Amino acid sequence: SQQGEEDPQALSIQEGENATMNCSYKTSINNLQWYRQNSGRGLVHLILIRSNEREKHSGRLRVTLDTSKKSSSLLITASRAADTASYFCGAGGGNKLTFGTGTQLKVEL
Amino acid sequence: GAVVSQHPSRVICKSGTSVKIECRSLDFQATTMFWYRQFPKKSLMLMATSNEGSKATYEQGVEKDKFLINHASLTLSTLTVTSAHPEDSSFYICSARTGTRGINEQFFGPGTRLTVL
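From first to last, the protein sequence lines stand for chains S and U.
FYI, in our numbering the residues of the first sequence are 5 to 113.
FYI, in our numbering the residues of the second sequence are -3 to 113.
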């Protein structure tokens, strides 16, 4: 599997529900970054968590990082239709980010 | 927040021609810029990393003579796809960050859709 692999590949929920996406990576990192991408557009930076941090919050977003399991999760609370997008994690090692294939989130009214 | 622009947003060209894509950091100085390629419903594949004033570092399997990268200033990097072929059709995205070391967010441009006929 690739560095920075997201799970599930697709997720469909109702507006107001929480959405949880997971990311696994293979090698050592110094940070992990989550991004959102709307169809045909660039990536929007959501949140960065450093390797010495375990949890971070930003608005409706909550990110956890477990370096012993080489995994991270992104929780979006009280989802909205506007949250419909693809979400990618970028595993940061050295100067680079390595991305997985993303989770496609669909939030239905 | 940090804004990165790309131009053009879409380009259609004939096979054999060259196409230049610009990436600009609008409100910060980008000492490092990255070029990615993304296929439909796929991950972003890092093509190369460029630091201002020095040659780009290409990832394994990326032809440096085909994908020319220039990072001439702290706010501009260009990617030129030379002698484009239909298999070069893709979504190209650049990103920029400040500094060459340490932990910094990468800020992405809106992408350029290249279609080679």
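In case anyone wonders, no lab produced these hints; they're calculated from the structure.
All figures in this text were calculated on a predicted structure; none of them were measured in a lab.
Positions of the beta carbon are idealized from the N, C-alpha and C atoms, including for glycine.
Hints may contain errors.
To be verified - Which residues of chain U face chain S? A partial, calculated answer using Cβ under 10 Å:
#1 Leu22
#2 Tyr32
#3 Leu40
#4 Tyr54
#5 Glu55
#6 Gln56
#7 Val58
#8 Glu59
#9 Lys62
#10 Ile89
#11 Cys90
#12 Thr94
#13 Asn100
#14 Phe103
#15 Gly107
Discussion item. Which constraints among the numbered hints does this structure fail? Numbers only, ascending.
Written reply: Hint check: 1, 4, 6, 7, 8, 9 and 12 fail, others pass.
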